[in-house]
Amino acid sequence: MDVYLPIANLAVNGLVIVLLGALTGLLSGLFGVGGGFLTTPLLIFYGVPPTVAAASAASQVTGASVSGAFAHARRGGIDYQIGGVMVVGGVVGTGIGAVLFNLLSALGQIDVAINILYVVVLGSVGIIMAREAVPQVFSGRLARFGKPPSKRRHHPLVASLPLRWRFYRSGLYISPLAPLLLGVAVGVLTMLMGIGGGFLLVPAMLFILGMSAQVVVGTSLFQILFVTMATTMMHALTTRAVDVVLAALLLVGSVSGAQVGTRFASNARPEVLRLVLAGLVLAVAARMAVGLTFRPDEIFTVVPL
Amino acid sequence: MIVPGRILLRFLTGLSILSVAAAAREPILVPEISQHEVVVRQGFTGADLLLYGAILEPDGTRVGTGRAYDIVVVLKGPLEAITLREKRKKLGMWVNAESTSFRSAPAFYALASSRPVSQIVDAKTAAIYELGLEWLQLSPIGAIDPQQQDQFATGLVEKRVASGLYRQDESAVTISEGVLYQARIALPSSVTTGNYTAETFAIDDGRVVASATSEVEVVKRGFERAVELFSIQQAFWYGLAAVALSVFMGWSAGRLFASR
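Taken in order, these protein sequences are the chains called A and B. Sequential numbering from 1 applies to the first sequence in this note's numbering. Sequential numbering from 1001 applies to the second sequence in this note's numbering.
Just chain B, same shape as in the assembly:
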């Protein structure tokens, strides 16, 4: 789940930011999320999260006209270990052929930025901070050649983009008066429950000058949670209940219609 190399890289860049900040201190970044808890229960059709906040110069004044920080917001779901299978045509039939496993595929990933990421930062910085779908650190398991790995990673991203679980909207962040920024990120109804992290990056001249993290928890509650627990903890009785329900409904419908 945690990649030591990545942490180290971040640490090093963090140090370099600190040393720079000593000369020209960090801007002040105050992020907030419209809700820190998303409750999945009956009628849940997805949620709209508003990630907003303020950005100020290090001395607490407004960002001067003529210059502006770029804001990138990344909302990331829990990391999952998955196996990805690819279908190939064999003997005239599409069957599952190659497969690869990833140790840390996020269940959800959404990036919102004020400008296209490629214009804000260079590839190296984007890779370090995982800014963008092409820079996701999926941590493949086992040795397969990089080209094939790329193909699988692209396949996964395309699949999840199609189902609304991954997205990258490079004009979703609006900054008003150079101070207030806001971005809207939609969670589809098929989101995985768990802890989500929202990271906000203030970027100036291709360098990440400030970042802040906050958490969003997606939880299942009420009847839905009860059903899920019941089906796992008391599988036998759950099955019996489902059987009883179907027999009862079939029988009562027969009664109801026959009596008319």
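Next comes chain A alone, as it looks inside the complex:
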């Protein structure tokens, strides 16, 4: 089934894109991440221009997080207070991201910068996840030892920030600057990399902010939902690279894939899931690292003058 993408200016096989969306949707259902970190590189690999890939993947992540966010909202799993602060930070972050995007384009290093970001962000997050998941998976299988779950506490740096607010649902008394800055960071990455940032946000909220686990996933989905919406708007206004046809195809796949993934997730051991996710994240990082250090896919790049 050939579909012509009006903004990307090329014909693609619609089924391939729907399947690609389904694959990332499956991941989002399984792991509670948006799957943007996989969509964007796969689209680029398929031949979609990088900017269009990043811009359209953002709207796919929106679609993937909507139903999850609603489900968590019904269960009371969203801390709107801290989520709101993070969304404000995230919107500011997408603005900063857009400025950085233009700056790096002018310098002629945008593709290199995105590549480095992928390797650094995915590489470090993947290693952290793997280091955490490996002992859990194997200790469960051998004997049930290993360190007891550490007491929830926010990072000392967070405690040193001025101005404290009480966040009741998260059970926190911290400075709103901490979630704000976290939101800004994720917003920048969303704009530049076309990712939702869920795989980054969840551990950060747990281990840096020290939020209570019941509201972490819901609040992160809430933040991702609004930040990817802002990203889509920002791309529509600045890079003009949002391809609705591409986004619609990805959405068809991902929203159905997400539902399947959710079924699977309830039957699987969470630590195994985390290990698989860590492997995937590291694989994408490794693939990007090859292009950066060993041999790039393209020596020459063309940009309009």
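Hints may contain errors.
Claimed, not checked - Ranges between beta-carbon positions, derived for each pair:
hint, chain 1, residue 1, chain 2, residue 2, range
1, B, 1046, A, 207, 47 to 53 Å
2, B, 1039, A, 45, 27 to 33 Å
3, B, 1240, A, 96, 19 to 25 Å
Hints in this document: simulated from the structure, not taken from any laboratory. The beta carbon of each residue, even a glycine, is placed where N, CA and C say it ideally should be.
Starting from the known structure of chain A, fit chain B onto it as the hints suggest.
Leaving out everything else, chain B in the frame of chain A:
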């Protein structure tokens, strides 16, 4: 976009052809294209253009046996000003290093000929008429040394050949009975919209003895054009529509699956 030197050269050669034609007149070249308009809309996967026509002796008779004109067909897309960047390894990483700008890189270039171009014309004639990928007049901007320029030009050609935007097929023209010629040129789905020119050259004994130009327009139509216009003219509402679409699809899928 227009290089005065090139025009002048063409003009001069044109004059020389005219003066020759006074003695032995031009052969008659009647070119045609299967379609003068390529419409890009849903389901467009590229187009196959058939460039065909007839070649006759100046007096209107068939080309005699034992001698034949060579036919070269060039289809060229709109000229674009581009910057080309080259990656170099620095500190163990491939980063964009050198760059150069070209004022007139064709978005599409396809050459079809009946024999290898190097056997039909000499280098000078090939350069004048831009017959072949190595003779593209890219008009580099700024002073950089010729060797580096060549390297960039080769890089651009290789890149575009790989994506199907540039090609040179030196056996694509078939001439039947010495009269009818035809060549098939494929446009990939990623073609740029705009005006394309198809030039047909009849070449005899290394000289271009007749040439004719016709136009092909590649246009985006219907829904695709509407989407493109919407995204440019009403960027805000376009973005909002994309957001609404994704929220609606995510929400309705959640509803649909939950109710089962």
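Going down the list of hints, with the structure as the test:
1. Hint check: residue 1046 of chain B to residue 207 of chain A, Cβ distance near 51 Å, so the stated range 47 to 53 Å holds.
2. At about 30 Å, the beta-carbon gap between residue 1039 of chain B and residue 45 of chain A stays in the expected band of 27 to 33 Å.
3. Against the hinted window of 19 to 25 Å, the Cβ-Cβ separation of residue 1240 of chain B and residue 96 of chain A comes to about 22 Å, which satisfies the hint.
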